[in-house]
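Chains as they are written, first to last, in the numbering used here: chain A, 1 to 112; chain B, 113 to 225.
Please note that a few of the clues may not be correct.
[What the hints assert, rightly or not] Derived DSBU-like pairs (lysine-lysine); straight-line CA-CA distance at most 35 Å: (1) 188/B <-> 79/A; (2) 44/A <-> 79/A; (3) 177/B <-> 155/B; (4) 112/A <-> 188/B; (5) 108/A <-> 164/B; (6) 155/B <-> 108/A; (7) 44/A <-> 131/B; (8) 164/B <-> 112/A; (9) 131/B <-> 164/B; (10) 55/A <-> 131/B; (11) 131/B <-> 188/B; (12) 177/B <-> 188/B; (13) 44/A <-> 112/A; (14) 188/B <-> 55/A; (15) 131/B <-> 79/A; (16) 55/A <-> 155/B; (17) 155/B <-> 79/A; (18) 177/B <-> 112/A; (19) 55/A <-> 112/A; (20) 55/A <-> 177/B; (21) 131/B <-> 108/A; (22) 79/A <-> 55/A; (23) 108/A <-> 44/A; (24) 131/B <-> 112/A; (25) 155/B <-> 44/A; (26) 79/A <-> 108/A; (27) 44/A <-> 188/B.
[As the list claims (entries may be wrong)] Here are some, though not all, of the chain B residues that point toward chain A, as calculated from beta-carbon distances under 8 Å: (28) 153; (29) 156; (30) 159; (31) 167; (32) 171; (33) 174; (34) 188; (35) 213; (36) 217.
The hints are simulated quantities; they were obtained by calculation from the structure and are not laboratory data. What you are looking at is a predicted structure, and each value in this text was computed from that prediction instead of being measured. We treat Cβ as the ideally placed atom computed from N, Cα and C, and that holds for glycine.
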Amino acid sequence: DVVMTQTPVSLSVSLGGQVSISCRSSQSLVHNNGNTYLSWYLQKPGQSPQLLIYKVSNRFSGISDRFSGSGSGTDFTLKISRVEPDDLGVYYCGQGTQYPWTFGGGTKLELK
Amino acid sequence: EVQLVESGGGLVQPGASLKLSCVASGFTFSDYWMSWVRQTPGKTMEWIGDIKYDGSYTNYAPSLKNRFTISRDNAKSTLYLQMSNVRSEDTATYYCTRDGYYWGQGVMVTVSS
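Next up, chain B with everything else stripped away, as it sits in the complex:
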């Protein structure tokens, strides 16, 4: 059974950095592109970016490219999202997905002072 479990969320101050993790199981992690999607409190879905199965290539939403970095550790079957200089508008539930086919349960990030 495919499982994706995100962690690392919480309350963070504006301007700070935060790193989210997503541990995958039930499939060969190194065979798949992985992506991050977030959902705002108003329920808008926003794609953040994705990373190639070997970690050699990434794509990002243009509006987030300068502050967010996606990486992976295939030995640990783990996907990461490094968020820097966070803003109030980054408040959302963050999901990792495998190809958009499987989704994790999500992790909440609240940016507030």
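Extracted from the complex, chain A is given alone in its bound form:
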């Protein structure tokens, strides 16, 4: 299985600040079809995960441009700028390139 390693485990940020979350995979996430199926999710307290970013850098419908994804191969980053209260929660990366899909352990974003 592809192991997804997220860092840091937790992050404190001031409102209006910027943060980055790293996600590394144990194998390249480039699919045979040339796509890289790396997604980012946010799980707010008491809610189900919601998709933020798919295929590394594509924002899902309705997602603010304050969220941006980048990376390639095995190394990926989610950046959140101008952090707002509604951004708080746990962020997960996940890969859908190789079965079984796997997820990172999560990064908890909290207010400083």
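Given the coordinates of chain A, assemble chain B onto it according to the supplied hints.
This is chain B only, laid out in the frame that chain A set:
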């Protein structure tokens, strides 16, 4: 609006069976692969498996393949997860997802005697 509503969870004894359902609306169900993902009490996310849009093909996490079965009824826009011989480690919140893009609200399953 895409909606996925899971049901069928609850408290179940070890060794028993349980069938979860997920009713979909807001899109043409028969056009999409669907999947199940679970989240443990410790918040670990684990993919269970998925099923092709016509129900002809399934993939499973190797560790669950022998006990869990995914099926669908496109006429009812409903996805199913049949769980058998459940264990305490199956205690989790179970989510159905459409392609990993849309997620249901989840249903809790607790395995305990």
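Evaluated hints:
1. Taken as a hint, the residue 188/B and residue 79/A pair is broken in the structure, with Cα atoms around 40 Å apart against an allowance of 35 Å.
2. Between the alpha carbons of residue 44/A and residue 79/A the distance comes to roughly 17 Å, so the proposed pair stays at or under 35 Å and holds.
3. For the hint pairing residue 177/B with residue 155/B, the CA-to-CA distance comes to about 22 Å; that is within 35 Å, so the pair holds.
4. Between residue 112/A and residue 188/B the alpha-carbon distance is near 48 Å, which puts this suggested pair outside the 35 Å criterion.
5. At roughly 33 Å between alpha-carbon atoms, residue 108/A and residue 164/B fall within 35 Å of each other, so this suggested pair holds.
6. For a cut-off of 35 Å, the pair hint linking residue 155/B to residue 108/A stands: about 11 Å separates their Cα positions.
7. At most 35 Å may separate the alpha-carbon atoms for a hinted pair to count; residue 44/A and residue 131/B meet this at roughly 27 Å.
8. Taken as a hint, the residue 164/B and residue 112/A pair is broken in the structure, with Cα atoms around 44 Å apart against an allowance of 35 Å.
9. Of the pairs offered as hints, the one joining residue 131/B and residue 164/B holds, with about 19 Å between alpha carbons and a cut-off of 35 Å not exceeded.
10. Straight-line distance between C-alpha atoms of residue 55/A and residue 131/B comes to about 32 Å, which keeps the hinted pair within the 35 Å bound.
11. Restraint check for residue 131/B and residue 188/B: satisfied, since their Cα atoms lie roughly 16 Å apart, inside the 35 Å limit.
12. Note on residue 177/B and residue 188/B: the hinted pairing holds, with a Cα-Cα distance of about 25 Å set against a maximum of 35 Å.
13. Our distance criterion of 35 Å between C-alpha atoms is met by residue 44/A and residue 112/A, whose separation comes to about 17 Å.
14. The straight-line distance between the Cα atoms of residue 188/B and residue 55/A is roughly 31 Å, inside the 35 Å bound, and the hint therefore holds.
15. Distance check on the hinted pair: residue 131/B and residue 79/A sit about 39 Å apart at the alpha-carbon level, beyond 35 Å; violated.
16. Using a Cα cut-off of 35 Å, the hinted pair residue 55/A and residue 155/B holds, with the two alpha carbons roughly 23 Å apart.
17. Between residue 155/B and residue 79/A the alpha-carbon distance is near 22 Å, which keeps this suggested pair within the 35 Å criterion.
18. For the hint pairing residue 177/B with residue 112/A, the CA-to-CA distance comes to about 43 Å; that exceeds 35 Å, so the pair is violated.
19. The suggested pairing of residue 55/A with residue 112/A holds, with an alpha-carbon distance near 31 Å, which does not exceed 35 Å.
20. Proposed proximity of residue 55/A and residue 177/B is supported: the alpha carbons are some 27 Å apart, at most 35 Å.
21. Only pairs whose Cα atoms come within 35 Å are accepted, and residue 131/B paired with residue 108/A is accepted, the gap being roughly 32 Å.
22. Proposed proximity of residue 79/A and residue 55/A is supported: the alpha carbons are some 15 Å apart, at most 35 Å.
23. For the proposed pair residue 108/A and residue 44/A, the alpha carbon gap of about 10 Å is at most 35 Å, so the pair holds.
24. Of the pairs offered as hints, the one joining residue 131/B and residue 112/A is violated, with about 43 Å between alpha carbons and a cut-off of 35 Å exceeded.
25. Pair hint residue 155/B plus residue 44/A holds up; C-alpha atoms about 12 Å apart against a cutoff of 35 Å.
26. Restraint check for residue 79/A and residue 108/A: the C-alpha separation of about 14 Å stays at or below 35 Å, so the hint holds.
27. Proposed proximity of residue 44/A and residue 188/B is supported: the alpha carbons are some 30 Å apart, at most 35 Å.
28. About 13 Å separates the beta-carbon of residue 153/B from the nearest beta-carbon of chain A, more than 8 Å, and the hint is not met.
29. Among the interface hints, the one on residue 156/B holds; its C-beta lies about 7 Å from the nearest C-beta in chain A, closer than the 8 Å criterion.
30. A hinted interface residue such as residue 159/B counts as satisfied when its beta carbon comes closer than 8 Å to some beta carbon of chain A; here the least separation is about 4 Å, so the hint holds.
31. Interface hint at residue 167/B: violated, since its Cβ lies 18 Å from the closest Cβ of chain A, which is beyond the 8 Å cut-off.
32. The interface hint given for residue 171/B is met, as the beta carbon of that residue sits about 5 Å from the closest beta carbon of chain A, less than 8 Å.
33. A cut of 8 Å between beta carbons decides the hint on residue 174/B: the least distance to chain A is about 7 Å, and the hint holds.
34. Because the smallest distance between the Cβ of residue 188/B and any Cβ of chain A comes to about 22 Å, over 8 Å, the interface hint for this residue is violated.
35. Annotation: residue 213/B was flagged as interfacial toward chain A, and the flag holds, the nearest CB pair being 5 Å apart, inside 8 Å.
36. The beta carbon of residue 217/B comes within 5 Å of a beta carbon in chain A, closer than 8 Å, and the hint placing it at the interface holds.
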